[in-house]
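Residue numbers (this note's numbering), protein chains in the order written: chain A, 1 to 346; chain B, 1 to 336; chain C, 1 to 383.
Watch out, some of these pointers could steer you wrong.
[Said to hold, decoys possible] These stretches of chain B come out as covered by chain A in the derived footprint (C-beta under 8 Å, 3 or more residues): (1) 265 to 274; (2) 297 to 306.
[Said to hold, decoys possible] Derived lysine to aspartate or glutamate pairs resembling EDC-like cross-links, with alpha carbons at most 20 Å apart: (3) A/K92 <-> A/E114; (4) B/K29 <-> C/E274; (5) A/K143 <-> A/E114; (6) B/K77 <-> C/E151; (7) B/K268 <-> A/D165; (8) A/K215 <-> A/D239; (9) C/K135 <-> C/D104; (10) C/K124 <-> C/D108; (11) C/K43 <-> C/D341; (12) C/K293 <-> B/E165; (13) C/K80 <-> C/D341; (14) A/K39 <-> A/D165; (15) C/K43 <-> A/E196; (16) C/K77 <-> C/E155; (17) C/K77 <-> C/E132; (18) B/K77 <-> C/E273; (19) A/K117 <-> A/D211; (20) B/K77 <-> C/E275; (21) A/K215 <-> B/E289.
Hints in this document: simulated from the structure, not taken from any laboratory. C-beta atoms are modelled at their ideal positions from N, C-alpha and C, and glycine is treated no differently.
The primary structure of each chain is shown beneath.
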Amino acid sequence: MPGKDDDSVILEMRETRVRFKMDAGLLKAVDGVSLSLRKGATLGIVGESGCGKSVTAGAVFRTLPSYAEVGGDILLYEKDGKRLDEPINIAKLNPTGPEIRGIRGGNIAMVFQEPMKAFSPIHTVGNQIIEAIRLHVEPDEGKARRIAIDTLGLVGISSPEQRIDEYPHQLSGGMRQRAMIAMALSCKPAILIADEPTTALDVTVQAQVLDLINKLKAEINTSVIYITHDLGVIAETSDEVAVMYLGKVVEYCAVDALFHDPRHPYTRALLRSIPTADKRRKGRFDSIRGTVPYPMNLPERCGFFDRCDLAEEGLCGRSAAPMVEAAPGHFARCFKVEPYAAKEVV
Amino acid sequence: MRSAEALTAPDPNRLLEVRGVKKYFPITKGFLKRTVGYVRAVDDVDMYINKGETLALVGESGCGKTTLGRCVLQAIKPTAGEVYFTTRKDERVDLTTLPYDRLRVVRRDMQMIFQDPYASLNPRMTTLNIIAEPLVCHRLMSGSRLRGYVRELMETVGLNPHHLERYPHAFSGGQRQRIGIARALATQPRFLVCDEAVSALDVSVQAQILNLLMDLQEKMNLSYLFISHDLGVVSHISDRVGVMYVGHIVELADTAALFDRPMHPYTKALLSAKPVADPRRKSHRIMLEGEVANPSKLPPGCPFHPRCREAAAECGERKPEWREAEPGHYIACHRA
Amino acid sequence: MTADATLGGKSTRGPLLGGGRRKARSSYEVASQWRLMWWKFRKHRMAMAALPIICIMYLLTMCCEFFAPTLPLTRFKSHKDCPPTAIHLFREGEFIGPYILRKDSGMDPVTYRRVFVDTDEVVKMGFFVHGEPYKMWNLIPTDIHFFGPVESGGEFFLMGTDSLGRDVFTRALYGGRVSLSFAVVSIFFTFVIGLTLGGLSGYMGGFVDGIVQRAIDVIMSIPGIPLWMALAAALPKDMSSYTRYLFMCVIMSLVGWTGLGRVVRGKILSVREEEFVTAARLSGATHGRVIFKHMIPMFMSYIIVSITGSIPATILGETSLSFLGLGLQAPTISWGTLLQDCQTIEAIAQQPWKMFPALFIVVTVLMFNFAGDGLRDAADPYK
Numbered sequence: 001m002p003g004k005d006d007d008s009v010i011l012e013m014r015e016t017r018v019r020f021k022m023d024a025g026l027l028k029a030v031d032g033v034s035l036s037l038r039k040g041a042t043l044g045i046v047g048e049s050g051c052g053k054s055v056t057a058g059a060v061f062r063t064l065p066s067y068a069e070v071g072g073d074i075l076l077y078e079k080d081g082k083r084l085d086e087p088i089n090i091a092k093l094n095p096t097g098p099e100i101r102g103i104r105g106g107n108i109a110m111v112f113q114e115p116m117k118a119f120s121p122i123h124t125v126g127n128q129i130i131e132a133i134r135l136h137v138e139p140d141e142g143k144a145r146r147i148a149i150d151t152l153g154l155v156g157i158s159s160p161e162q163r164i165d166e167y168p169h170q171l172s173g174g175m176r177q178r179a180m181i182a183m184a185l186s187c188k189p190a191i192l193i194a195d196e197p198t199t200a201l202d203v204t205v206q207a208q209v210l211d212l213i214n215k216l217k218a219e220i221n222t223s224v225i226y227i228t229h230d231l232g233v234i235a236e237t238s239d240e241v242a243v244m245y246l247g248k249v250v251e252y253c254a255v256d257a258l259f260h261d262p263r264h265p266y267t268r269a270l271l272r273s274i275p276t277a278d279k280r281r282k283g284r285f286d287s288i289r290g291t292v293p294y295p296m297n298l299p300e301r302c303g304f305f306d307r308c309d310l311a312e313e314g315l316c317g318r319s320a321a322p323m324v325e326a327a328p329g330h331f332a333r334c335f336k337v338e339p340y341a342a343k344e345v346v
Numbered sequence: 001m002r003s004a005e006a007l008t009a010p011d012p013n014r015l016l017e018v019r020g021v022k023k024y025f026p027i028t029k030g031f032l033k034r035t036v037g038y039v040r041a042v043d044d045v046d047m048y049i050n051k052g053e054t055l056a057l058v059g060e061s062g063c064g065k066t067t068l069g070r071c072v073l074q075a076i077k078p079t080a081g082e083v084y085f086t087t088r089k090d091e092r093v094d095l096t097t098l099p100y101d102r103l104r105v106v107r108r109d110m111q112m113i114f115q116d117p118y119a120s121l122n123p124r125m126t127t128l129n130i131i132a133e134p135l136v137c138h139r140l141m142s143g144s145r146l147r148g149y150v151r152e153l154m155e156t157v158g159l160n161p162h163h164l165e166r167y168p169h170a171f172s173g174g175q176r177q178r179i180g181i182a183r184a185l186a187t188q189p190r191f192l193v194c195d196e197a198v199s200a201l202d203v204s205v206q207a208q209i210l211n212l213l214m215d216l217q218e219k220m221n222l223s224y225l226f227i228s229h230d231l232g233v234v235s236h237i238s239d240r241v242g243v244m245y246v247g248h249i250v251e252l253a254d255t256a257a258l259f260d261r262p263m264h265p266y267t268k269a270l271l272s273a274k275p276v277a278d279p280r281r282k283s284h285r286i287m288l289e290g291e292v293a294n295p296s297k298l299p300p301g302c303p304f305h306p307r308c309r310e311a312a313a314e315c316g317e318r319k320p321e322w323r324e325a326e327p328g329h330y331i332a333c334h335r336a
Numbered sequence: 001m002t003a004d005a006t007l008g009g010k011s012t013r014g015p016l017l018g019g020g021r022r023k024a025r026s027s028y029e030v031a032s033q034w035r036l037m038w039w040k041f042r043k044h045r046m047a048m049a050a051l052p053i054i055c056i057m058y059l060l061t062m063c064c065e066f067f068a069p070t071l072p073l074t075r076f077k078s079h080k081d082c083p084p085t086a087i088h089l090f091r092e093g094e095f096i097g098p099y100i101l102r103k104d105s106g107m108d109p110v111t112y113r114r115v116f117v118d119t120d121e122v123v124k125m126g127f128f129v130h131g132e133p134y135k136m137w138n139l140i141p142t143d144i145h146f147f148g149p150v151e152s153g154g155e156f157f158l159m160g161t162d163s164l165g166r167d168v169f170t171r172a173l174y175g176g177r178v179s180l181s182f183a184v185v186s187i188f189f190t191f192v193i194g195l196t197l198g199g200l201s202g203y204m205g206g207f208v209d210g211i212v213q214r215a216i217d218v219i220m221s222i223p224g225i226p227l228w229m230a231l232a233a234a235l236p237k238d239m240s241s242y243t244r245y246l247f248m249c250v251i252m253s254l255v256g257w258t259g260l261g262r263v264v265r266g267k268i269l270s271v272r273e274e275e276f277v278t279a280a281r282l283s284g285a286t287h288g289r290v291i292f293k294h295m296i297p298m299f300m301s302y303i304i305v306s307i308t309g310s311i312p313a314t315i316l317g318e319t320s321l322s323f324l325g326l327g328l329q330a331p332t333i334s335w336g337t338l339l340q341d342c343q344t345i346e347a348i349a350q351q352p353w354k355m356f357p358a359l360f361i362v363v364t365v366l367m368f369n370f371a372g373d374g375l376r377d378a379a380d381p382y383k
């Protein structure tokens with residue numbers, strides 16, 4: 001896996017864990033995730049609800065509730081446009097401290113599924129964007145307003161001079177999402193985390209927003225972590241993809257390999273079960289039997305064991321599956337996947 | 001206005017026929033609730049469904065597909081229009097004029113599966129009581145016979161019949177949706193409205209439920225009105241597809257015809273907008289400009305013309321007719 | 001972003017289960033709404049502590065004849081304004097069981113005020129002692145008292161006596177019966193009015209809704225105490241105490257139903273839009289079945305919360321009115337009328353024990369508020 005020596009890596013997660021302390025036990029929402037994000041690239045994280053993809057984002061952004069316990073390392077290699085000699089370990093920062101607040105917004109920005117939740121309803125969209133800019137980039141109010149207007153224009157909001165003084169509820173769903181992207185991008189962050197940004201939108205609006213994110217990424221050279229449950233969206237946006245299941249990354253590879261040479265049985269089943277218009281025929285879908293187990297007090301074995309067609313009692317049912325490098329740069333967490341050069345990675 | 005031939009012919013295969021259905025929600029203001037305008041949620045819709053067939057309605061949020069589905073079942077009374085339904089006794093009745101008690105009896109033959117598996121089950125009732133509800137309401141069964149039958153139903157939809165006494169909160173989303181399906185099937189209806197029945201579910205579970213719906217259709221000769229925003233799902237499950245845009249059906253055709261040879265510019269844009277799960281195939285998107293029209297302030301003429309790249313002067317003046325462009329391929333567009 | 005949001009509805013299972021014990025896991029699936037509410041309520045410590053205290057309060061006051069050491073109207077002529085009697089257990093270092101020392105009254109030579117001094121005369125105390133005869137709940141004639149001097153006629157005043165020589169503790173228990181039952185009865189009327197008018201308003205909508213809502217606005221805009229006073233002043237003076245009690249209940253509920261009415265209307269409006277209500281209608285359920293089987297159970301828990309919340313207000317309302325002499329009137333004993341004795345600074349300064357009824361009020365109101373808090377948390381166990 002790419003490491004510290006690799007100059008292009010801007011953010012690296014090493015064995016990141018998030019546990020929620022509940023009355024009934026420990027909920028392992030994220031269970032040893034190792035991923036790295038390259039400069040200017042998009043890392044897609046895909047999985048079904050409850051797989052821990054959003055919690056992973058929350059761990060990077062450190063916005064998890066107080067009963068969440070973040071473990072492992074989350075290393076940030078670049079701050080304010082400069083390469084750091086010693087990376088900042090976000091996982092070790094105080095989630096309410098000044099350091100993380102300096103990183104949030106300025107270096108790492110986030111776009112949420114529900115823009116209404118990100119904007120305060122009692123301030124105009126413009127005020128909120130200007131506030132962020134004055135905090136991180138440009139303290140002068142007039143200049144900050146100029147930047148805000150420019151950014152709103154950049155995300156395709158028509159007549160931004162007028163829209164900047166409108167309240168969030170005055171904008172339509174698609175416009176609100178654009179405004180939130182504008183707020184996230186106004187400080188030119190090095191990393192943008194997009195958590196299901198188009199899930200609440202209609203397909204035609206989703207198409208516009210996806211287009212926008214891709215265009216902006218190229219323009220301001222931002223690295224993106226794109227979180228979604230929709231493999232179609234992943235195919236359109238990502239360079240590298242991590243498939244998550246039960247808090248673990250089960251497959252991690254380049255986007256092309258994921259769709260054309262998937263190795264993990266879960267990824268394969270998932271790809272088969274998407275109904276797409278082009279492989280249309282009236283008939284049965286390939287589905288995955290059973291449901292995702294609840295991630296609490298689980299036995300020590302492959303998480304996909306119950307639902308997998310290849311599962312072998314003596315092998316997969318005994319211990320957690322190891323991460324195997326199936327092809328160069330293509331990792332899968334499965335006993336049944338052959339390592340390409342018998343090289344095992346933890 | 002509409003092409004009468006196809007719709008008026010009394011076809012023995014017809015299960016449901018919708019004619020000129022409109023639903024206008026009044027916008028009221030002030031203490032006296034004065035009506036100041038209307039939201040035209042459904043505006044003059046014609047369609048039919050044959051026995052054993054699946055008709056899908058697709059469209060974006062706010063296009064009126066859910067309202068139309070509820071108007072068909074009389075969950076919402078339509079403002080105008082007729083809904084003819086053939087009951088199990090082969091009676092052809094107009095649901096809109098049926099008195100309350102007759103309608104209640106007809107409800108045995110038509111049921112609904114809801115989008116939200118959490119909101120559509122009464123959290124205070126056990127699985128047994130939820131599934132038995134239609135049977136109890138129609139006084140069809142009681143006691144141990146009812147219990148046994150509910151067990152059978154649960155098995156049919158893939159639930160463990162031992163979970164009879166459990167409450168909905170003990171089930172996952174997919175399982176809850178199965179409970180909803182079992183309830184809908186309890187009276188052995190011939191027609192089901194599936195309102196975004198799988199939209200709230202994860203892909204892997206969604207596939208399970210779609211398979212179940214298709215199996216049941218085969219087994220019980222069910223007809224579906226399948227309402228969805230997901231073109232992928234629709235392309236697999238339906239025989240015919242109608243595309244809706246702000247209260248109007250703009251195109252309706254066989255599934256293959258619609259996906260292979262879409263005629264309406266909106267259908268084309270919609271089809272191209274769906275992300276394809278293949279990074280090698282860069283899609284050729286038709287980007288729609290502007291916003292969906294406001295159903296309380298519809299533009300004159302074709303409701304789609306302000307966003308349509310093929311629009312001509314005529315589109316802004318006259319509402320396009322609902323016509324049969326090819327056999328079985330209906331469209332409302334001046335330009336196609 | 002919380003764990004709930006990311007893990008879907010499933011995570012609610014965690015905190016909920018924690019309330020129950022291990023074995024609860026198997027019964028969780030088949031737990032009804034009320035059982036879930038109870039599990040959630042159980043996690044609220046204050047509410048759990050308040051519950052037994054409320055129960056004890058009601059037990060003490062509803063069976064006050066038995067628990068009171070004497071009768072509320074018995075006057076101990078030689079013991080007017082007598083301070084509380086202390087209960088002792090040890091006599092000269094030796095345990096001899098609970099006893100009191102008989103008090104003798106005398107005159108303070110400096111202030112000429114009557115004072116009480118303990119004599120050496122030991123009066124043994126005991127449980128289930130014979131005392132003044134009474135009729136339990138006006139039915140069973142007996143003379144057994146829960147606690148008191150073993151020999152009848154002993155002058156034992158746990159909370160002192162008032163200016164007429166009547167036992168304050170006894171009177172507080174009898175007063176509690178009136179005040180606490182008053183709360184329940186007037187809440188019943190509130191419930192009937194609030195449910196009917198709020199229900200009509202929500203279910204029928206339109207014109208009816210407008211009228212009811214404006215009525216609520218008007219009632220809510222009038223300050224509570226003057227309104228009660230006006231209504232209470234309208235009652236004829238020569239009313240029997242029993243009818244007066246009922247009328248006061250009606251007055252309290254006429255003023256107090258508005259909050260409940262709003263809650264009921266709001267709940268009906270939201271429940272009416274619930275998908276499962278539509279589902280029931282489409283299943284062929286009749287109007288009645290939809291209302292009684294699906295809609296009312298849905299907001300019953302909220303109504304209970306709302307009612308528990310308004311019990312303290314009712315108790316306080318009754319006490320304030322009676323204190324002002326506008327509510328219940330002597331000879332009816334309620335916490336409010338008892339406190340009328342403390343209307344002078346002198347009484348508070350010289351005979352502070354006359355304030356004991358206020359302690360009962362404070363404890364009761366606090367406990368109801370705690371219990372109400374717990375209920376509010378538990379009202380929607382599915383969240």
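Comparing the hints with the structure gives:
1. Coverage of the stretch 265 to 274 of chain B by chain A holds in this model, with 6 residues showing a Cβ closer than 8 Å to a Cβ of that chain against a need of three.
2. For the stretch 297 to 306 of chain B, the stated coverage by chain A is not satisfied: 0 residues place a CB nearer than 8 Å to a CB of that chain, which falls below the threshold of 3.
3. Taking the CA atoms of A/K92 and A/E114, the gap is near 28 Å; set against the 20 Å cutoff, the hint is violated.
4. Restraint check: the Cα-Cα separation between B/K29 and C/E274 comes to about 25 Å, which exceeds 20 Å; the hinted pair is violated.
5. Distance restraint check for A/K143 and A/E114: the Cα-Cα separation of roughly 29 Å exceeds the 20 Å cut-off, and the hinted pair is therefore not satisfied.
6. For the proposed pair B/K77 and C/E151, the alpha carbon gap of about 80 Å is over 20 Å, so the pair is violated.
7. Simply put, B/K268 and A/D165 have alpha-carbon atoms about 36 Å apart, too far for the 20 Å limit, and the pair is violated.
8. Restraint check for A/K215 and A/D239: satisfied, since their Cα atoms lie roughly 14 Å apart, inside the 20 Å limit.
9. Taken as a hint, the C/K135 and C/D104 pair is broken in the structure, with Cα atoms around 31 Å apart against an allowance of 20 Å.
10. Our distance criterion of 20 Å between C-alpha atoms is broken by C/K124 and C/D108, whose separation comes to about 28 Å.
11. Restraint check for C/K43 and C/D341: the C-alpha separation of about 41 Å exceeds 20 Å, so the hint is violated.
12. A hinted pair counts as satisfied when its Cα atoms are at most 20 Å apart, and C/K293 with B/E165 qualifies at roughly 18 Å.
13. For the suggested pair C/K80 and C/D341, the alpha carbons sit about 13 Å apart, so the restraint of at most 20 Å is met.
14. For the hint pairing A/K39 with A/D165, the CA-to-CA distance comes to about 34 Å; that exceeds 20 Å, so the pair is violated.
15. Pair hint C/K43 plus A/E196 does not hold up; C-alpha atoms about 35 Å apart against a cutoff of 20 Å.
16. Of the pairs offered as hints, the one joining C/K77 and C/E155 holds, with about 11 Å between alpha carbons and a cut-off of 20 Å not exceeded.
17. This hinted pair checks out: C/K77 and C/E132 have alpha carbons roughly 16 Å apart, not beyond 20 Å.
18. Of the pairs offered as hints, the one joining B/K77 and C/E273 holds, with about 15 Å between alpha carbons and a cut-off of 20 Å not exceeded.
19. At roughly 23 Å between alpha-carbon atoms, A/K117 and A/D211 are farther apart than 20 Å, so this suggested pair is violated.
20. With a C-alpha separation of about 17 Å, the suggested pairing of B/K77 with C/E275 holds against the 20 Å cut-off.
21. For the hint pairing A/K215 with B/E289, the CA-to-CA distance comes to about 17 Å; that is within 20 Å, so the pair holds.
Against the hints set out earlier in the document, violations occur for numbers 2, 3, 4, 5, 6, 7, 9, 10, 11, 14, 15, 19.
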